[in-house]
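Participant: Protein sequence lines, in the order shown, are assigned to chains A and B. If you use my numbering, the first sequence corresponds to residues 1 to 329, in order. If you use my numbering, the second sequence corresponds to residues 1001 to 1502, in order.
Careful: at least some of the hints might be erroneous.
Stated by the list, open to error - Under 7 Å between C-beta atoms, here's a sample of chain A residues computed to sit facing chain B: (1) Leu-118; (2) Phe-141; (3) Gly-142; (4) Pro-146; (5) His-178; (6) Asn-192; (7) Arg-197; (8) Gly-200.
To be verified - DSS-like mimics (lysine-lysine), calculated; alpha carbons at most 25 Å apart, straight line: (9) A:Lys-205 with B:Lys-1192; (10) B:Lys-1372 with A:Lys-205; (11) A:Lys-3 with B:Lys-1372.
Worth flagging that the hints you see were computed from the coordinates, not collected in a lab. For glycine and all other residues, C-beta sits at the position ideal for the given N, C-alpha and C.
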Amino acid sequence: MSKKDIGLLILILVVGTVVAIINPLFLSPINLANTANLVGLFGIFAIGQAFVIITGGIELSVGSVIALIGVLFVDLMVNFEMAWPLALVLMIVLGVVIGLAHGLLITRLHLQPFIVTLCGLLIYRGAARFYTEDATAGFGFGLSFPTLEWLTTNRFFGVPHSFIAMTVIAACMWVVLHRSVFGRHLFAVGKNEEAARYSGIATGKVIVSAYVICGVLTAISAIFFAMYTRSISPSSHGNFYELYAIAAAVLGGCSLRGGEGSIIGVVLGAVLLQVLQNLVNLLGIPSSLNFAVTGSVILIGVLADTQFSSYRERKLATKGATPRQPQAP
Amino acid sequence: MMAEPFLSLNGIAKSYPGVVALDGISLAVSGGEVIGLVGENGAGKSTLMKVLGGVIQPSAGTIILDGQELQRLDVASAIEAGISFVHQELNLFENLDVTANILIGREPLCGGLLHLVDRRKSRALVEPLLSLIGADFKPETLVSSMSIAQRQMLEIAKALSQRARLVIMDEPTSSLTLAETDRLMEVIAGLKRDGVAVIFISHRLSELAQCADRVVVLRDGRMVGELQKQEISHASMIKLMIGRELKSLYTPPAQPFGDIVFEIDKVETTAYPGRPVSLSVRRGEILGLAGLIGSGRTEIARTACCIDPLIGGSVRVNGQPLRLETPSDAIDQGIFLVPEDRKRFGLLLDLSIAENIALPSLVDYAAYGLVKVTEIFALAERQRARLDIKASSIATEVGTLSGGNQQKVVLGKWLSRDPRVLICDEPTRGIDVGAKQEIYAMLRRLADSGVAIIMISSDMEEVIGISDRIAVMHEGQISGLLDRDEFSEHNVLLLAVGGTLH
């Protein structure tokens, strides 16, 4: 774990302790399980976002993709009576296609990631609303998919499966990002795309892969969300989720300039965001203040981080100078 | 007759934790004199200039400015005193025009509270400055469309607009063509006539001999000598800089050249379509590629390594035409490029030496797509020892190394992959004399081990001193090939400007 990750962990523990002291319900198994479930749901797509941010890009369409895939998934199973494994695979393929489209538009046609994915945000939201004619898509009364429901919403010794899925995905992605050749190439492309190209790295493929990874992870989390909420109103489902993903990635040490970031950091970022949501509920803060609280804590966290690292640099600089000081008259 | 010094430094010292950057420097500057400042990288030139610019505060010594004794200068008082810089890395706003760049922060205003820029007055301020330096651009020319030489002229115009008494030029000619350098020399002579003092930092000794009244030599933060105009010579300056006589550069190859390995056959680049270039290099040969900046040398190198698309002709290795679509196609054939701008194209400055060296070879040091970290460290250690990269460890960030050591890291990237053809684009730009010698020796050792080397260089001394054969380019085409017995500054220059030898 890097110093940044440890700092974030300490912040989470401090916030958690404070909340637990004020309201002991925070540590109740049911509350912890609920929070863990949300960490799992949000963590999966935040990891995807991190890959894109490390390339120096951004993926703004996450929330809309979650809504679109959610309504399509429900519709395929309910109205087309498709077997759920097939629907699941189709949705993941759709995630791949969306990631591929964004990646190719960015690398081949040299559009800016912000613009491509902003248009994606608008298009997929519109598509989801049009497809359902703005009606809520959901599972009718009595309809059930035992295996799928067990997979997505059950608990294992109290730990929600969504959290376990996120842990497994995070472990795989940790290996990919921090131990694989692709991960090294990803960091290289994010730091200096031209130098990476001169070194023979197929920079286009690396960037497209990052968007595809993001698309797939977003699709997976979209299915978890669909099964968790069980009804999806296409105009509000997943709203602002891209911002949660970006916030988690940035809290976790990703630089929006690219080339920096860690999986552990992103997961911890997702944890902190959910603890904050929980805090608003448990401490009886009006829920209208929800965003304001989250925003303030992120701001303070990032501020503390930059201040602390510049303090550390100053301290290092003066430490280096000490052996020479006795020579001064 | 030289005027009284308006600025003098007495016993200026500056130390950083662990390093003494400047040690007892004394220097007097009078109006209308041109002072050359030389020294290896890290000799303290930039630190001294930063003291003059008020960016760095000296830890000891005094500065006397117009008879007033000061402990230090700050940026505002340096500007007030008329000290201006023409930076090595130019500080211009590319998106703005010439007028805006010259007057930035001091725009004449009109429209009262609206604070609009008075365009007519701006133009009236800028035009005389441009004619003073004989500029070939207009006040409304966009900086992004200007050549590096023109941008340097613009920096000088900007300095003059601030009523500069001292213009400090930090390696102004490092990216200029010969003709542009001559223009700069004229401008410096003009400044001198107008009583402006110039401090001219350069690694190009011949230019100093041409324009400086005296040359101050720095070594390890100390002034090790001063040469008056009549004493300025390559030998005397180099002797002071490195404290030893510079040997002749050329080392002949250890064995006769082998067969032709690498051929560029009627290759056309996007920069010069319709002008095919053909070149060939033999095993063990160093082919110098000379020419003016913009003559298409870099484009040929980039096209041969497939950084730029090949729009005509073919590239052959051992007689076999290559299918070049992506840079990795060239790399797989052992054709490597050491790019001109190592910071932009050669290195990841925030990453370690080990990560930079391993970057192109990661696939070879991986199992099932996972990187074998210990093997990469071993690889980086081998290259560090082989190239004598001076750093505390292979985990050191490349951005903190000196230019020479950074270039060695770029070389190390490729040497770890057994090059067949190595194309070096300005391999020693901005590198100190000692590291240059090491890189020359390394190129010769590589050639002797059977690598074919193409070395693009704008440094006449280097291209004549290192190459076994020289190809000269002029406006996108090869204007002539020279064998060693035909090497001379005159011949290379003649071909570079498009002349013919016979």
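Participant: Indicate, hint by hint, whether the structure satisfies it.
Facilitator: Outcome of the hint check:
1. For Leu-118 (chain A), the shortest C-beta to C-beta distance to chain B is roughly 24 Å, which exceeds 7 Å, and the interface hint is violated.
2. With its C-beta approaching chain B no nearer than about 48 Å, Phe-141 (chain A) sits outside the 7 Å limit, and its interface hint is violated.
3. Hint status for Gly-142 (chain A): violated, given a least beta-carbon distance of 47 Å to chain B, over 7 Å.
4. Here the hint on Pro-146 (chain A) is broken, as its CB sits about 37 Å from the closest CB of chain B, past 7 Å.
5. Because the beta carbon of His-178 (chain A) sits about 9 Å from the nearest beta carbon in chain B, more than 7 Å, this interface hint is broken.
6. Because the closest C-beta pair between Asn-192 (chain A) and chain B is about 5 Å apart, less than 7 Å, the hint holds.
7. Hint status for Arg-197 (chain A) relative to chain B: holds, with the closest Cβ pair at about 6 Å, below 7 Å.
8. The closest approach between the C-beta of Gly-200 (chain A) and any C-beta of chain B is roughly 4 Å, which is under the 7 Å cut-off, so the hint is satisfied.
9. The straight-line distance between the Cα atoms of Lys-205 (chain A) and Lys-1192 (chain B) is roughly 56 Å, outside the 25 Å bound, and the hint therefore fails.
10. For a cut-off of 25 Å, the pair hint linking Lys-1372 (chain B) to Lys-205 (chain A) stands: about 22 Å separates their Cα positions.
11. Simply put, Lys-3 (chain A) and Lys-1372 (chain B) have alpha-carbon atoms about 24 Å apart, close enough for the 25 Å limit, and the pair holds.
The earlier numbered hints that this structure contradicts are 1, 2, 3, 4, 5, 9.
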